[in-house]
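Q: Each chain, written out:
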Amino acid sequence: MIHSTILLAAEAAEGKGGLFDIDATLPLMAVQFVILVILLNALFYKPIGKAIDDRDAYIRTNLTDAKERLSKAENLAKQYEQELAETRRQSQKLIADAEEDAKRIAAQQIAEAQQEAQAQREQAQRDLDQQKQEALQSLEQQVESLSRQIVEKLLGTQTVS
Amino acid sequence: MEMLTVLNPLNLPLAELEVGKQFYWHLGNLEIHGQVFLTSWFVIGLLLIASILATRKIQLVPAGFQNMMEYAMEFIRSLAKDQIGEKEYRPWVPFIGTLFLFIFVSNWSGALLPWKLIHLPDGELAAPTGDINTTIALALITSLAYFYAGFSKKGLGYFGNYVQPVAFMLPFKMIEDFTKPLSLSFRLFGNILADELVVGVLVLLVPLFLPLPLMVLGLFTSAIQALIFATLAAAYIGEAMEEHHGEGHGEHH
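Keeping their order, the protein sequence lines are chains A and B. Under the working numbering, think of the first position of the first sequence as 1, with each following residue one higher. Under the working numbering, think of the first position of the second sequence as 1001, with each following residue one higher.
Just so you know, these hints were derived from the structure itself, not from any lab. Yeah, the Cβ is synthetic: ideal placement off N, Cα and C, and Gly gets one too. It is possible that part of the hints are untrue.
[Stated by the list, open to error] The calculated DSSO-like cross-link candidates involving lysine-lysine, where the alpha carbons are at most 30 Å apart (straight line), are: (1) K1153(B) with K1087(B); (2) K1081(B) with K1057(B); (3) K46(A) with K1021(B); (4) K1087(B) with K1154(B); (5) K1087(B) with K1173(B); (6) K1087(B) with K1180(B); (7) K1021(B) with K1116(B); (8) K1173(B) with K1081(B); (9) K93(A) with K103(A); (10) K1021(B) with K1180(B); (11) K67(A) with K50(A); (12) K1153(B) with K1180(B); (13) K50(A) with K1087(B); (14) K1087(B) with K46(A); (15) K1081(B) with K46(A); (16) K93(A) with K78(A); (17) K1180(B) with K50(A); (18) K67(A) with K78(A); (19) K46(A) with K1116(B); (20) K1154(B) with K1116(B); (21) K1081(B) with K1153(B); (22) K1087(B) with K67(A); (23) K1173(B) with K1153(B); (24) K50(A) with K1173(B); (25) K50(A) with K1057(B); (26) K1153(B) with K50(A); (27) K46(A) with K1154(B); (28) K1081(B) with K1154(B); (29) K1081(B) with K1180(B); (30) K1154(B) with K1173(B).
[Stated by the list, open to error] To give an idea of the interface, some chain A residues facing chain B are shown, with a C-beta separation under 8 Å as derived from the structure: (31) F20; (32) F33; (33) V37; (34) L40; (35) L43; (36) F44; (37) I48; (38) G49; (39) A51; (40) I52.
Could you put the whole structure together from the sequences, leaning on the hints where they help?
A: This is the structure in structure tokens:
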């Protein structure tokens, strides 16, 4: 630092230069800087900023789009599940109804069949009874004629005589 | 100069230290510092080339250089947003960003590039921000910017800022308008020049290895100074546009 002070003193003696030598560099540098701001604004900040903003917008729209689609898909899934549950309930009811119907029909048919069988059995019994009666009757007649014949054979002569 | 020859009696090829010597250009009857403009044009060229490379073909999915520059852009945006507020920051992004990028690239070009290998007839090439003219220019533009921000937002009501929160703050607030650019310019100028001088003196005394840690520290300070300048500029602009109705200090988070 000794050197610099010495040099400073030396140049102050020369009357020109030095560390705090303010001259036309200042306004020209200011103008140059303002031009740089304008140039960089056109070349750098605007296009890059636009790129960043565009990307942000792109990502945001995609994100909202995706969210919308997701909620839509979830709604659809819920709806399908509901429909599925509804259909399952209906089918179960249908099966239960059908089973009940089948049971009822079976019971009815069994009852009918039993009735018929009963009726047929009764009919058969009746026929049997009748035939028995007839057989007994004819048998009685035959017994009578036979017994008469026997009596005739045994006592025929006497009676005739 | 005699002192230097005393320190270097054997006339070894050691580095020389030149401070306050300017490479004058004459523009009409005006004098300007040529070395400052040469390096600043280099910095500006670098920034423009980087911008053109980054935006040559912009893709939805960024790759390579576009990615890096987008990172820079988001950094600048968040810096401006933090200081100025979500609602107002967008028009100020180019100004704050250019302040940051210009100062940052200038500082690092001074710290990283061996400018001194290029010999000028007078003076030497160094970071443009190590020249008081550059830093005062940037600080004055910042002052104009925050005045513009205040007046365009509130009109003459901007003067209401000077009596907030109590009337006797008026003189302090007026002094602040002078101290703001002063502190901005001298902070940047002092840090960059001091860094260059420290490295220069060390190189003069011990030419090998020893200056390296200090150079690394210089890179760190250079980056920090760029960040501080941009952040303070944004903070001043945000302060100028701040609403004062009621106890409304909760607008900026």
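Q: Compare the structure with each hint and give your call.
A: Results for each hint:
Under the criterion of a C-alpha separation no larger than 30 Å, the hint pairing K1153(B) with K1087(B) is consistent with the structure, at around 12 Å. Among the hinted pairs, K1081(B) with K1057(B) is consistent with the structure: their alpha-carbon atoms are about 27 Å apart, no more than 30 Å. Taken as a hint, the K46(A) and K1021(B) pair is broken in the structure, with Cα atoms around 40 Å apart against an allowance of 30 Å. For the hint linking K1087(B) to K1154(B), the alpha-carbon distance of about 15 Å falls within 30 Å, and the restraint holds.
For the hint linking K1087(B) to K1173(B), the alpha-carbon distance of about 25 Å falls within 30 Å, and the restraint holds. With a C-alpha separation of about 24 Å, the suggested pair K1087(B) and K1180(B) falls inside the 30 Å cut-off, and the hint holds. At roughly 13 Å between alpha-carbon atoms, K1021(B) and K1116(B) fall within 30 Å of each other, so this suggested pair holds. Distance hint between K1173(B) and K1081(B) is fulfilled; the C-alpha atoms sit about 24 Å from each other, no more than 30 Å.
For a cut-off of 30 Å, the pair hint linking K93(A) to K103(A) stands: about 15 Å separates their Cα positions. Among the hinted pairs, K1021(B) with K1180(B) is consistent with the structure: their alpha-carbon atoms are about 28 Å apart, no more than 30 Å. Distance hint between K67(A) and K50(A) is fulfilled; the C-alpha atoms sit about 25 Å from each other, no more than 30 Å. Our distance criterion of 30 Å between C-alpha atoms is met by K1153(B) and K1180(B), whose separation comes to about 20 Å.
Straight-line distance between C-alpha atoms of K50(A) and K1087(B) comes to about 18 Å, which keeps the hinted pair within the 30 Å bound. As the CA atoms of K1087(B) and K46(A) are separated by approximately 18 Å, the hinted pair is consistent with the 30 Å bound. A hinted pair counts as satisfied when its Cα atoms are at most 30 Å apart, and K1081(B) with K46(A) qualifies at roughly 17 Å. With a CA separation close to 22 Å, the supplied pair K93(A) and K78(A) stays within the 30 Å bound.
Distance hint between K1180(B) and K50(A) is unfulfilled; the C-alpha atoms sit about 33 Å from each other, more than 30 Å. Restraint check for K67(A) and K78(A): the C-alpha separation of about 16 Å stays at or below 30 Å, so the hint holds. Simply put, K46(A) and K1116(B) have alpha-carbon atoms about 36 Å apart, too far for the 30 Å limit, and the pair is violated. The suggested pairing of K1154(B) with K1116(B) is violated, with an alpha-carbon distance near 49 Å, which exceeds 30 Å.
A distance of roughly 17 Å separates the Cα atoms of K1081(B) and K1153(B); the hinted pair therefore holds under the 30 Å criterion. Distance check on the hinted pair: K1087(B) and K67(A) sit about 28 Å apart at the alpha-carbon level, within 30 Å; holds. With a C-alpha separation of about 19 Å, the suggested pairing of K1173(B) with K1153(B) holds against the 30 Å cut-off. Distance restraint check for K50(A) and K1173(B): the Cα-Cα separation of roughly 38 Å exceeds the 30 Å cut-off, and the hinted pair is therefore not satisfied.
Distance check on the hinted pair: K50(A) and K1057(B) sit about 13 Å apart at the alpha-carbon level, within 30 Å; holds. A threshold of 30 Å between alpha carbons decides the hint, and for K1153(B) with K50(A) the separation of about 25 Å falls inside it, so the pair holds. A C-alpha spacing of about 27 Å is found between K46(A) and K1154(B), which places the hinted pair at or below 30 Å, so the restraint holds. For the hint pairing K1081(B) with K1154(B), the CA-to-CA distance comes to about 20 Å; that is within 30 Å, so the pair holds.
With a C-alpha separation of about 21 Å, the suggested pair K1081(B) and K1180(B) falls inside the 30 Å cut-off, and the hint holds. Pair hint K1154(B) plus K1173(B) holds up; C-alpha atoms about 17 Å apart against a cutoff of 30 Å. With its C-beta approaching chain B no nearer than about 6 Å, F20(A) sits inside the 8 Å limit, and its interface hint holds. The closest approach between the C-beta of F33(A) and any C-beta of chain B is roughly 6 Å, which is under the 8 Å cut-off, so the hint is satisfied.
Evaluation of the V37(A) hint against chain B yields a held restraint, the C-beta minimum of about 5 Å falling below 8 Å. Given the 8 Å rule on beta carbons, the hint for L40(A) holds: about 5 Å separates it from the nearest Cβ of chain B. Proximity of L43(A) to chain B holds as hinted, the smallest CB-CB distance being about 4 Å (cut-off 8 Å). The restraint placing F44(A) at the interface with chain B holds, with a minimum CB-CB distance near 4 Å, inside the 8 Å limit.
For I48(A), the interface hint holds, since its Cβ comes within 8 Å of a Cβ in chain B; the closest pair sits about 5 Å apart. Nearest Cβ of chain B to the Cβ of G49(A): about 6 Å, under the 8 Å cut. The hint holds. A hinted interface residue such as A51(A) counts as satisfied when its beta carbon comes closer than 8 Å to some beta carbon of chain B; here the least separation is about 5 Å, so the hint holds. Proximity of I52(A) to chain B holds as hinted, the smallest CB-CB distance being about 6 Å (cut-off 8 Å).
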